[in-house]
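*Asks:* Chains as they are written, first to last, in our numbering: chain C, 1 to 323; chain A, 1 to 435.
Don't take every hint at face value.
With a straight-line Cα cutoff of 20 angstroms, these simulated SDA-like cross-link-like pairs (lysine to any residue) come out [to be verified]:
no., chain 1, residue 1, chain 2, residue 2
1, C, K121, A, A272
2, A, K188, C, K271
3, C, K202, A, I197
4, A, K320, C, R108
5, A, K430, A, A32
6, A, K188, C, S200
7, A, K400, A, G374
8, C, K202, A, E196
9, C, K271, C, T161
10, A, K188, C, G195
11, C, K202, A, K320
12, C, K202, A, L199
13, A, K30, A, E432
14, C, K202, A, G204
15, A, K129, A, A168
16, A, K320, C, S200
17, C, K121, A, D273
18, A, K320, C, A119
19, A, K320, C, V89
Rather than coming from a laboratory, the hints here were simulated on the basis of the structure. Values in this document were obtained by computation on a predicted structure and should not be read as measured data.
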Amino acid sequence: MSPTAAALATSRSLLGLQNMARAEIAGLLSRARAGEPERSLAGRLMANLFFEDSTRTMTSFSVAAKRLGMQTINLRGAASSVSKGETLVDTALNVEAMGVDALVVRARQSGAAVGIARAVKCAVINAGDGRHEHPTQGLLDAYTLAESHGRLEDFDLAGLTVAIVGDIASSRVARSNIAGLGALGANVVCVGPPGLAPASLKSLGCEVSADLDGLLPVIDAVMVLRMQFERHDEEGGEKKPEGDRRSAMIASVRDYRELYAMTPARAERMKKGAVVMHPGPMNRGLEIDAEVADGPRSVILRQVTNGARVRMAVLGWCLGRDG
Amino acid sequence: MASVLIAGGRVLDPASGLDRAADVAVKDGKIAAIGPGLARPGVDRVINAEGCLVTPGLIDPHVHLREPGQEHKETIASGARAAVAGGFTTVCCMPNTSPALDTPELVRFVLGRGEQSAARVFPVAAISKQRRGNELAEISLMARAGAVGFSDDGDCVASAGLMARALAVVKPTGLAIMQHAQDPTLTKGASMHAGEIALKLGLGGWPRVAEEVIVERDIRLNRGIGCRYHVQHISSGETVAILRRARAEGQPVSGEASPHHLLLTHEACIGADGLGYNTMAKVNPPVRETSDMKALREGIADGTITVLATDHAPHTDSEKALPFEEAPFGLVGLETALALYIEALVSSGVIGWMKLVQLMTVGPAKLCGLDRMGLGRLEVGGPGDVTVIDPEVKWTIGQKDLVGASNNTPFLGRKVKGRAIATVVGGEVKWEGGR
C-alpha cells in the first residue's frame, strides 16, 4: 500500500467537540499528557488552509506538525483562489489532490470544516469555523484547566466552575468549551450582557448569568473572550471599517467594562487558586486589563504552550495507526 | 381537439360536494359530462381511473419559476412540466425574478410564456417597484394585465406605511395581498430557526416573532381598509392563532401551509450524517419545531388555513453546496407536494380526502380569483382541468422524479404514498405515468 493509501485507511477528522463522548475527549487529552512521540508522522504532509486571519493557531499547528516530523504548507485566504471566486470545497479538493494527509481549516463560515470533510478523504481538523467550533482550542483550554487544578490524572473536572465571559454569541471558542468542559464534568457559566450571552444558551447545557461580580468569589477559572466587533456587522447593518469598535450588541466600551471587564479589582476578588484564561488575541484594556493578563492568576501563556502539545496529540489521533 | 374519457374513478369535487363513482368526459378543452358509464365510442383517449380519485386540476398558488433572469434554475416551461408531473394544472408564480415582475409588460410576458407551457401559469405581481419596499408598483395596470395577486415575496413589505398604502390600492382590484411575513430587523444574519440547533451550529437564529409581528401589524393596518390579506408559508404556530382570531372577527384574511412546514423540523438541518449544515433544509421561513408543525395541522383541520402551497424554489446543486449561511433558501416542491400533503394530513388522520382536495383547488382558486374563470372545480362546460390521483401507489422520491430544472429537496429518498397518474390541462393530457 502506498503511504497515501495507508493514510486514507486510517485517517479521521476532528470537526468539533459537541458530538464527542467524554471518554474520547479524555482519551485525546491523555494522549497529549503522555506526549506524542517526536517525528512519529515523519514524511506526512499537513496543509494549513486558512481562509480567515490567524497567527497563533496556524503557528501552533505548524510547530506541532514539525515536532512530529511532518512537512507543512500554508495557504492563506487572500493568496488562495478563493479570492478569484473558487469555493472553499474546491480549494480543499485541489490541495488534497496534491497529496496532503491532513487539512487544517480555518474559515469565517460556520460549518466550513464540515463541508470540506464531507468532500475530501484526508483528515480534516477544524481550526475554527465561523461561530461554530474551535475544537483544538477547547481541548487546550480543558488541558490547561486540568493542569492548573491538579486534574491531569484523569481529566475529571467535576466540582470546578468556569465562567466564560463576554462575546459568547459570536464565539466558536465558547461553543467548544461549553461542550468540552461540560463533557469532562465542569460547571460552565456563560456571563455577559443579554445581547452577547442570551438566555437561550442554556440549551447548550451551560448556565447563563449577567452577574460577573456575584460569581467571582465562587469560580475556579474565568475565561475571558475577545470582543469580536467584526462579527457584529450583521446586527449593525453596514460593513464597518476595520478596527471600528461600534457594535449594536453593546452600548459602548465603557458601558461594557463597567460590568464585565476583567480588571485587577475583579481578579483580586477571585478565590485562591482560581485562574484567568483568554484564547487570544486579547483586546488589552477592553475585555481584560494588562495587569490581569500578565498577573499571577494568568495561565494565558500556558494555554499557548499546551496548544502545541494538544495539537500534536490531535494530529497523532487523526493520522496515527494506534488510534 | 382530442376528447378524453377518465373512466371508473371516484370523482371528488369539493366545490359542489360531489363524491361518487363516475366517469368524466372532456372535450374541446372543457368538461363535457360527469356521470357513471359514459359512452366510449368516439373518444380519442381513455384513462383508466379505477381505484383512483378524479379531482379538479390541482392549483399551486405559490411557486418560483425564475424566468426571467435565472433560467439556469428553472424556466416557466420547465416549472410547468414539474407542475403537471405533480398533478398541478395551474401555478401562480412569484415576482422575485430578475427583473422583478413589477410592470404590466412583464405580467403579459409571463402570461405569454405560460400559454406555451404544459400548465396554466398566472403571475403574482410585485407590490413595490423592484420589490424594494419603497414605492408602490403599477398595481392597477398589473391587475388589468392579468396579475392574480400582489406580493413582494422573498422579501417582506417591512414598512408599515407602504403596506397601508398597498392594502388601500389593492382593495378595489378584488385581488389579495400575499405577505411574506418577516421583520427584517429581527432576522439579520439568520439562516435557520432560532433554537438549540442553530445555537450549536453557530448559525444566526430566525425567531418566530419575526413572522408574528408582521402578521399582527398587517391585520391591524387592514382593519379600516378591508383588503383581502393572505399570509404566505406560515412557519410559526402562533401565527395560526393570530389568523384564527382575525378570521373569527370576520377579517378578510387567509393563510397557507407548505409541505416542509407540515413535515419537517429544524432537525432536518442536521442532515443524515449528523454533522449539521444540511443546506437542502435551508428555507425561508425556516422549518421550526414539532409544536409549530402540530399547530399548522390543527389550523388546517379547523379551517383557519384554507390554502396549501409548495413555495417551489429551485436552486442549482452548486449553490446548495455552498456553506450553509451562503447557500440560498428554498426547496423544490411541485413534483413531491401531493404525496407529502397526503402523508402529513390524510394518512395522519388530520383531514379526509375531500378536504385535502379543497385545500388544493377551491382554496387557492379563491385566493387568486381563479374561481371566476371556473378553475378549481369540476363543472360541465367549465375548463377541462382534471387530476387523476392514485392514493395507494407507493414510491420513493428520487432524482428521476424531479422533472423540473433543479433537484434541491431534503425529501430525496423519502418513502411516500399517493401520486398523480394523469394530469389533464384544458382538455389535453399533459402528464401520464407515476405507477
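*Asks:* All hints are to be evaluated individually against the structure, with a verdict given for each.
*Replies:* Taking the hints in turn, this is what the structure says about them:
no.: 1; hint: C:K121 / A:A272; verdict: holds, 18 angstroms
no.: 2; hint: A:K188 / C:K271; verdict: violated, 41 angstroms
no.: 3; hint: C:K202 / A:I197; verdict: holds, 12 angstroms
no.: 4; hint: A:K320 / C:R108; verdict: holds, 18 angstroms
no.: 5; hint: A:K430 / A:A32; verdict: holds, 18 angstroms
no.: 6; hint: A:K188 / C:S200; verdict: holds, 18 angstroms
no.: 7; hint: A:K400 / A:G374; verdict: violated, 33 angstroms
no.: 8; hint: C:K202 / A:E196; verdict: holds, 9 angstroms
no.: 9; hint: C:K271 / C:T161; verdict: holds, 12 angstroms
no.: 10; hint: A:K188 / C:G195; verdict: holds, 14 angstroms
no.: 11; hint: C:K202 / A:K320; verdict: violated, 31 angstroms
no.: 12; hint: C:K202 / A:L199; verdict: holds, 10 angstroms
no.: 13; hint: A:K30 / A:E432; verdict: holds, 19 angstroms
no.: 14; hint: C:K202 / A:G204; verdict: holds, 16 angstroms
no.: 15; hint: A:K129 / A:A168; verdict: holds, 17 angstroms
no.: 16; hint: A:K320 / C:S200; verdict: violated, 29 angstroms
no.: 17; hint: C:K121 / A:D273; verdict: holds, 15 angstroms
no.: 18; hint: A:K320 / C:A119; verdict: holds, 14 angstroms
no.: 19; hint: A:K320 / C:V89; verdict: holds, 12 angstroms
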